[in-house]
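2 protein chains.
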Amino acid sequence: MKKPIGVIDSGVGGLTVVHELMRQLPKEPLIYLGDTERCPYGPRTEEEVKQFTWEMVHFLLKKNIKMLVIACNTATAFAINDLHEKLDIPVIGVIKPGARAAIKSTENDYIGIIGTEGTIRSEAYNDALRQIKSEIEVLSLACPAFAPMVEKGLLEGPEARRVVEKSLVPISKHDKMDTLILGCTHYPLLKDTIQEVVGEDIKVISSSEETARETSTTLDIHQIADDDDQSPLHQFYATGDLEIFIDITQRIFKDSQFEVLTIKHADL
Amino acid sequence: MKKPIGVIDSGVGGLTVVHELMRQLPKEPLIYLGDTERCPYGPRTEEEVKQFTWEMVHFLLKKNIKMLVIACNTATAFAINDLHEKLDIPVIGVIKPGARAAIKSTENDYIGIIGTEGTIRSEAYNDALRQIKSEIEVLSLACPAFAPMVEKGLLEGPEARRVVEKSLVPISKHDKMDTLILGCTHYPLLKDTIQEVVGEDIKVISSSEETARETSTTLDIHQIADDDDQSPLHQFYATGDLEIFIDITQRIFKDSQFEVLTIKHADL
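Chains A and B are the protein sequences, given in the same order.
Using my numbering, you'd call the opening residue of the first sequence number 1 and step up by one each time.
Using my numbering, you'd call the opening residue of the second sequence number 1 and step up by one each time.
Just so you know, the hints here were simulated from the structure itself, not pulled from any lab data.
Please note that the accuracy of each hint is not assured.
Which copy is meant is left open, so a pair is good if it fits within one copy or across any two.
[Claimed, not checked] Listed below are the simulated DSS-like cross-link pairs for lysine-lysine, each with C-alpha atoms no more than 30 Å apart in a straight line: (1) K2 - K104; (2) K86 - K2; (3) K133 - K63; (4) K50 - K191; (5) K203 - K254; (6) K104 - K152; (7) K2 - K133; (8) K133 - K203; (9) K66 - K173; (10) K203 - K152; (11) K254 - K86; (12) K27 - K176; (13) K191 - K264; (14) K166 - K66; (15) K254 - K133; (16) K104 - K63; (17) K66 - K3.
Computed from a predicted model, the values in this text were never measured in an experiment.
Isolated chain A (complex conformation):
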């Protein structure tokens, strides 16, 4: 059997990474685990996030994954160094791919970043950006209302628009920022609304799309890409209510065709 790529997230946000992985790497079988029971991770302590992340990783290691994608910015911010050190499969997070894409995009070195409180507090994006290019000016803003709104399935309409508008006030009128990183995998589900609020001139970078692309590069460097033409079977697990999880999954993948082996509850 083909070995899958493991994808973990605090909830449903990581499904935007899965969506892009299926589109950009359609030969690769995926196994997704969303910790919907304990979502959001944003307000939790570093220790909690690390512990929960390791619990998810242990669940997936038993499923024989060949690579791990941390499709959650908060978990990436707090746990990736530890995972890199202790796992012997390739591990990628969502922060560096987003940072690299933003550096490629910006023309004036002013980059905005929105994410959960945990991600913003960790300054992981600032570190990733400045490690590559010291000149980058970073405007960062926590948007604690966004992820819970998405988990409830509120993705568009006047209420979503009101929340996005109000949350983005501190950066939406900044006159220099030319690139904005969606530093939470839930946010691509609000991308159209966010783009409208910040205006067409701002290049909005989805860390989900960029992570799918870097997954491709990583598979290639480690020579573990799957290139046979048999359609892959995907597996989905969630720790919380399966009904809401299936509902949101159907909405995210409404225009996609793929084969599912499993959608199940996971006990960590």
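Please build the complex by placing chain B on the supplied structure of chain A, with the hints as guidance.
Leaving out everything else, chain B in the frame of chain A:
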């Protein structure tokens, strides 16, 4: 002393990769070697291209490079597998980064690719694209007039426009292609003209920009990125006429500031 990234090309086209490397990875010292004496590689045999590429690689290995970027599509098409196998430093070419960016960009899986005769004949882009996504439809076209035109410094104006228009006739009216890969590192110097000819609706992918980004990913995976803040010193070598080389270099880097250690003739 900081170890440099080595960049090789058949001529001056690879300087577009260098330009992007400096922009996206400003802490990294670079050493460039352009085989301007024997350019273009496009019409040469596979054996010749392999031999010339190895001669350039041996020159750079003596300069203690930590990584090799093959900033030439023809050399990538014919020599990268051999280089991967025999070198113990990371090696990246321009083809896979361009292919991955095109897969991320396309919405209907119709991708155009223009390059030298050698690159097109090798079908290296077709292979790279279909290895990742079998559904991709590839329209490929050799544009043998472009690279020599750029080497002569003819980058814009009515004559350049005429050559570009005439060369692109076979694909410029295609009604499905939504993404076009510039599969030769000379072509970003003609990007504005090419974009005008194919129209605004086509996303034009520069393999140079994409290769700079994947260089960043590769440095990261191999943990050999430079992150101290000291300005790097760059080195430039060419096998042919140094006067023309310096003239084109000045035009490509006219808006850039960087420090040069050396611009010298190279004997291979």
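When Cα atoms must be at most 30 Å apart, do K86 and K2 count as within-copy, between-copy, both, or neither? Both: 24 Å inside a chain and 29 Å across chains, each within 30 Å.
Have a look at K104 and K63 and pick one of within, between, both or neither, based on CA distance no larger than 30 Å. Intra 36 Å, inter 28 Å, cutoff 30 Å: inter-copy only.
Should K66 paired with K173 be assigned to within, between, both, or neither, using CA atoms and 30 Å as the limit? For K66 and K173, the Cα distance exceeds 30 Å both inside one copy (44 Å) and across copies (43 Å).
As a check of your reading, is K27 near K176 (CA-CA no more than 30 Å) within one copy, between copies, both or neither? Between copies, since 24 Å is at most 30 Å while 41 Å is not.
Is it within, between, both or neither when you check K133 against K203 at 30 Å Cα-Cα? Close inside one copy (19 Å) and across copies (27 Å); limit 30 Å.
K254 and K86: within-copy, between-copy, both or neither at 30 Å Cα: neither (37 Å within a copy, 46 Å between copies)
If the cut is 30 Å between Cα atoms, do K254 and K133 qualify within a copy, between copies, both or neither? The answer is between: 21 Å across copies meets 30 Å, while 39 Å in one copy does not.
Between the shortest in-copy and the shortest cross-copy C-alpha distance, which are at most 30 Å for K191 and K264: within, between, both, or neither? Within one copy, since 28 Å is at most 30 Å while 49 Å is not.
Reference check for the pair K203 and K254, CA-CA at most 30 Å: within, between, both, or neither? Both: 26 Å inside a chain and 25 Å across chains, each within 30 Å.
How do K104 and K152 come out at 30 Å by Cα distance, when the copy is not named: within, between, both, or neither? Result: close only across copies, 29 Å inter versus 34 Å intra.
Can you give me the call for K66 and K3, within, between, both or neither, at a CA distance of at most 30 Å? within (6 Å within a copy, 32 Å between copies)
Can you tell me if K166 and K66 fall within 30 Å by alpha carbon in one copy, between copies, both or neither? This pair counts as neither: shortest intra-copy Cα distance 42 Å, inter-copy 48 Å.
Of the numbered hints given earlier, the model fails hints 9, 11, 14; all others are met.
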